[in-house]
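Turn these sequences into a full structure, and let the hints steer you where they fit.
The sequence shown begins at 241 in this note's numbering and counts up by one.
Nothing false has been slipped in among the hints.
Quick list of simulated restraints, FRET-style, between CB atoms:
hint	residue 1	residue 2	range
1	PRO260	GLY359	48 to 54 Å
2	ALA304	THR259	39 to 45 Å
3	ASP355	VAL310	21 to 27 Å
Derived from the structure by calculation, the hints contain no laboratory data. Just so it is clear, the structure is predicted and the values come from calculations on it, not from any experiment. All C-beta atoms in this analysis are idealised placements derived from N, C-alpha and C, irrespective of residue type, glycine included.
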Amino acid sequence: MRDGVSTSVTGRWRRFWSTPPLTLNGWVAFNLPTTVSAAGAALLLAIAGVHGYLWWSTPDPPAAFVGYLVLLCAACVLAAALMFAPRAEITGPAWYLGSVACLSFLVVYLSTRADVVAGLTGLTGRWDVAPGSALMGCAALFLLLHATVLSGINVAHPQWQNWHD
Numbered sequence: 241m242r243d244g245v246s247t248s249v250t251g252r253w254r255r256f257w258s259t260p261p262l263t264l265n266g267w268v269a270f271n272l273p274t275t276v277s278a279a280g281a282a283l284l285l286a287i288a289g290v291h292g293y294l295w296w297s298t299p300d301p302p303a304a305f306v307g308y309l310v311l312l313c314a315a316c317v318l319a320a321a322l323m324f325a326p327r328a329e330i331t332g333p334a335w336y337l338g339s340v341a342c343l344s345f346l347v348v349y350l351s352t353r354a355d356v357v358a359g360l361t362g363l364t365g366r367w368d369v370a371p372g373s374a375l376m377g378c379a380a381l382f383l384l385l386h387a388t389v390l391s392g393i394n395v396a397h398p399q400w401q402n403w404h405d
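Now the structure itself:
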């Protein structure tokens, strides 16, 4: 049984994502759940794959960086795998896990652009790191895709649009 606080927070969260500006007044909607889930999983796997490459190619990485990479890669791979689960009770949290992973990457990436991190001079303190720029785009696209799923413009596996003419 849910308490009154979590129910009101959940209700406000759902009302926010179903407002007319975010749903485009219902005029735009797509019924491609497998394609949307595959796109989300591909973006998360790209983030995990490039981070795995950075781990492999960075000589003697600091322990904190390795811990960050392991957590981020595990979250991305787990979320991508669970997006194709047969039940919505599993796929919904998978999308949120992917969003948390993308948001955490964006926070860490943007905060390390301002200052050089010890042991990572080639990857931090500058804006022209090509893998970081590409991953920033992947993370932003995943968050945008998740926003369209939350607003009802897109549907994700295993759901379908319930259209009645």
